[in-house]
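Quick mapping for you: the protein sequence lines, in order, are chains A and B.
Counting along the first sequence from 1, when you hit position 363 you're at 362 in numbering that gives the first Met the number 0, and nothing is skipped either side.
Counting along the second sequence from 1, when you hit position 398 you're at 397 in numbering that gives the first Met the number 0, and nothing is skipped either side.
One or more hints might be untrue.
Unchecked claim - Some chain B residues close to chain A (C-beta under 8 Å, calculated; not the full set):
#1 A9
#2 A66
#3 A81
#4 G119
#5 S298
Stated by the list, open to error - Here's a subset of chain B near chain A, in silico, CB distances under 7 Å, partners left out:
#6 I8
#7 H33
#8 K36
#9 N76
#10 N82
#11 F83
#12 D134
#13 F220
#14 C292
#15 G300
Stated by the list, open to error - Pair ranges (Cβ atoms, derived):
#16 B:D30 <-> A:R211: 47 to 57 Å
#17 A:K333 <-> B:T90: 50 to 60 Å
#18 A:D113 <-> B:R107: 47 to 57 Å
#19 B:I191 <-> A:N170: 46 to 56 Å
#20 A:R102 <-> B:N348: 55 to 65 Å
#21 B:T90 <-> A:Q384: 27 to 37 Å
#22 B:T90 <-> A:A373: 50 to 60 Å
#23 A:T90 <-> B:K333: 50 to 60 Å
Bear in mind the hints are in silico, worked out from the structure with no lab data behind them.
Ideal Cβ placement from N, Cα and C applies to all residues, glycine included.
Number of protein chains: 2
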Amino acid sequence: MGAQLLSKIATGDGHGENSPYFDGWKAYENDPFHLTKNVHGVIQMGLAENQLSFDVIQEWVMSNPKASICTLEGVRNFSAMANFQEYHGLTEFRNAVAKFMARTRGNRVAFDPDRIVMSGGATGAHEVTAFCLADPGDAFLVPIPYYPGFDRDLRWRTGVQLLPIICDSSNNFKVTKRALENAFEKAREDSIRVKGVLITNPSNPLGTTMDRETLRILVKFVNEKSIHLICDEIYAATVFSKPDFISIAEIIEEDIDCNCDLIHIVYSLSKDMGFPGFRVGIIYSYNDAVVDCARKMSSFGLVSTQTQHLIASMLSDDKFVERFLEENAKRLAKRYKIFARGLSQVGINCLKSNAGLFLWMDLRSLLKSQTFEAEMALWRVIVNQVKINVSPGSSFHCSEPGWFRVCYANMDDRAVEIALTRISNFVLQNMEAEVPTKKQCWQSNLRLSFSSRMFDDILMSPHSPIPQSPLVKATT
Amino acid sequence: MGAQLLSKIATGDGHGENSPYFDGWKAYENDPFHLTKNVHGVIQMGLAENQLSFDVIQEWVMSNPKASICTLEGVRNFSAMANFQEYHGLTEFRNAVAKFMARTRGNRVAFDPDRIVMSGGATGAHEVTAFCLADPGDAFLVPIPYYPGFDRDLRWRTGVQLLPIICDSSNNFKVTKRALENAFEKAREDSIRVKGVLITNPSNPLGTTMDRETLRILVKFVNEKSIHLICDEIYAATVFSKPDFISIAEIIEEDIDCNCDLIHIVYSLSKDMGFPGFRVGIIYSYNDAVVDCARKMSSFGLVSTQTQHLIASMLSDDKFVERFLEENAKRLAKRYKIFARGLSQVGINCLKSNAGLFLWMDLRSLLKSQTFEAEMALWRVIVNQVKINVSPGSSFHCSEPGWFRVCYANMDDRAVEIALTRISNFVLQNMEAEVPTKKQCWQSNLRLSFSSRMFDDILMSPHSPIPQSPLVKATT
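Given the sequences, and given the hints that come with them, work out the whole structure.
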């Protein structure tokens, strides 16, 4: 009966929850790891969360009671904030976000606060952008692998399609002009109107930043075709080592031939600050009509004024921002190093990355065959036996089987260590029959590096609760 | 060029901002009244805001520092809240909202916290509901007059239509079985598939509650046709006098023949608590599949966890809730009485109401002719010369010209007094030629009642900042 009564959207499966990406979260939820209460449970490494620098943020919060409308110092703003429902948002919020966006791009570009449009997280920002730019049936080209949530965010309620730009490991998954042209041509053959290209820079799941040349190729391409370029830059402040992050904002300033009406940035504080709960999404468009329309659409996903008020104070504090960004990068770099080194000690390579909250782990050597069936078989073993929830490349629409995304910033150092031990043991077991001597060598290395780390970890790691995912439970 | 590059939604005018409802807000913004700085400015009576009981709320906030994640007492929850992104929301938030919904309905019905789905305000809740229930081209029937924002909320991005159920002043705009059948039949003649009926109870703009009989007629009607009933109950706690508010939740409990899969409630804290800035929208559906789908869609408009945490504490405090509801009703009743009496003293009648934040004012006697052109002409005089922004009935799709919605809870007592004086003087001027003696009589009455009120007002009225509307400014 539901099928007759409800809409096609409600009765279809366009939401995309039937993916291993989400199945892994379910496995975690059924048996969640806990350092003392459930040490043999599944470790959640499928969640791109940034939990490493909350001590810095909390310290600031405690020193700035005026930033809250619920303190003695701030309560006089309570009624004005509770009542404020303008869809432009608080001026001080837009100013602070614009400034923060510039700062996370090395202050090499400026952002106009009047182009800052609010949305319900990056999720809402992507949907609003799709609603503004494309009609049902139109398509955006997206380099693969890409974030699985895009299928929900850009397609589900808009009727827009996402078509792959095929990238592979031969050039470290870089987007090429040829790949762009191929994707565009394929759409034309299928009589699908392409309305734009969607990129994620820094990349989720790759953890890499795009180089200047690639960005120039993209800008040139969208100008030639007169289509849009949506740049998801929600990982801008997670860049922890060279090369520096280059925003699309820099490229279009250098390129006088670019039609800026085609360029749109999606931003958020969910990854850079670790605030997914606060639902701060931003659309920054260089196109006046898109700013205008997106702002009207923001009525469906405005940021709570309580949160706008807090964020405005926090991000306009230069000293805090400097300290946070510095600490955040330092801690991410350290975590990355520990994890990448731990994996390499058992012969596992990852794509070399300099950003993000995850590694793109190459387990092709462990596949029984170079197929996605074999990838899924391996993934099931990793989730159910190794008891680590990582995300298989297929859930990111990766073109090659054998890659897995491993998130490392949503847990404390002890959990990382246990996860590394589990993976290492698993890899060694798989290799046992083949290279016993090599295995012993790795084992002694591992023991040494773990014990030296363990001492630091006990002193330094905060307790990091791992929240449930927003996409897991069946309802009621 | 924009028209080619952007979507049909972006280039169309489906948003409905080109309405006198919003034009009046623009007039206010260009010349906003201020008691000391701009005493001759436009008084904003087009905004249904509840600013009368903030002192009660702020007092609670100050006494409950644990409710905030930004206080010494609450900061230990900061990282957990900032990180929490589950689309079910905090359990304590859902529990508290369910309890509050029951309380505002006299605890005659209970609400299941597992059916509480979050959305970005009632705006988001309506859109999500429309996406769940109807396909593009399908229609909902809506009694007129109705809230102008519905055209944006339910139609704009969904492609759904709203068709009028014609109500008029002959029976105080009550919905009848005949009106329902007529609207349904008309849609059938036009080959439009009707997917449901949308009601607002208490009504915006009427300020009235629906009686049991009308609600029963509605439930019977949707069951007969096997279509949905969406009940917007966002003004539930604004009922300030008898008869009591009857929620649809009560009706379906009494009626064993009702298919509950057809029944959905939209709720919000924007009106009842006066928190539009916090963006707390709720979809409460009795249909499991709708709960499931709406929850997935809530990813586009989750409530900030900072706000969820605050609301959870606030609404689970029984003592506070009792006090707030009592004060709120008392102050709304007083304000209503002052305003309705002031108008009646110059011979202006309003629909007798018992709820809401506004009066439905009958100015038919002032129209040059009984047409909507005459209504607009009168409205322009009221906005530009009388300098009060009220909303003309036509913007609510009213079937009869001459009705105006006047909001009275978004200002302090002094502003109310000035607004009343302006309206009264205007009405008296219009009558001058005809009934000079009657006029003098009214004037002396007015002087008396105003001066006695003025004394109270100075002592009692808080400063009430009137924020800008979310739908006004042209962008960038």
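- prompt: Is the gap between the beta carbons of I191 of chain B and N170 of chain A within 46 to 56 Å?
  reply: Taking Cβ atoms as reference, I191 of chain B and N170 of chain A lie about 54 Å apart, which means the hint holds.
- prompt: Does the CB of G300 of chain B sit less than 7 Å away from some CB of chain A?
  reply: Since chain A brings a Cβ to about 5 Å from G300 of chain B, closer than 7 Å, the hint holds.
task: Hold the hint about F220 of chain B up to the distance rule: shortest CB distance to chain A must be less than 7 Å.
output: violated (16 Å)
field: Restraint check, 7 Å cut-off on beta carbons, for D134 of chain B near chain A
entry: At about 5 Å, which falls below the 7 Å cut-off, the nearest Cβ of chain A leaves the hint on D134 of chain B intact, so it holds.
message: Assuming the hint says 50 to 60 Å, is it satisfied by the Cβ distance from T90 of chain B to A373 of chain A or not?
response: At 40 Å between Cβs, range violated.
task: Given the range 27 to 37 Å, decide if the beta-carbon distance of T90 of chain B to Q384 of chain A lies inside it.
output: Once the Cβ atoms are compared, 32 Å apart, the range 27 to 37 Å for Q384 of chain A and T90 of chain B holds.
- prompt: Holds or violated: G119 of chain B as interface residue toward chain A, Cβ cutoff 8 Å?
  reply: Given a least distance of 5 Å, the restraint on G119 of chain B holds.
message: Can you tell me whether the CB distance of T90 of chain A to K333 of chain B sits inside 50 to 60 Å?
response: For K333 of chain B against T90 of chain A, whose Cβ atoms are near 35 Å apart, the range 50 to 60 Å is violated.
- request: Return holds or violated for the Cβ distance of K333 of chain A and T90 of chain B against the range 50 to 60 Å.
  value: Since K333 of chain A and T90 of chain B have Cβ atoms about 35 Å apart, the given range 50 to 60 Å is violated.
query: Taking the CB of D30 of chain B and the CB of R211 of chain A, does the distance hold inside 47 to 57 Å?
result: holds (50 Å)
- prompt: Should the interface hint for A9 of chain B be scored as holding, given a Cβ-Cβ cut-off of 8 Å against chain A?
  reply: holds (4 Å)
task: Please verify that hint: C292 of chain B, Cβ, nearest Cβ of chain A, below 7 Å or not.
output: This interface hint holds because 4 Å falls under the 7 Å limit.
The structure does not agree with the numbered hints 7, 8, 9, 13, 17, 22, 23 stated previously, though it agrees with the rest.
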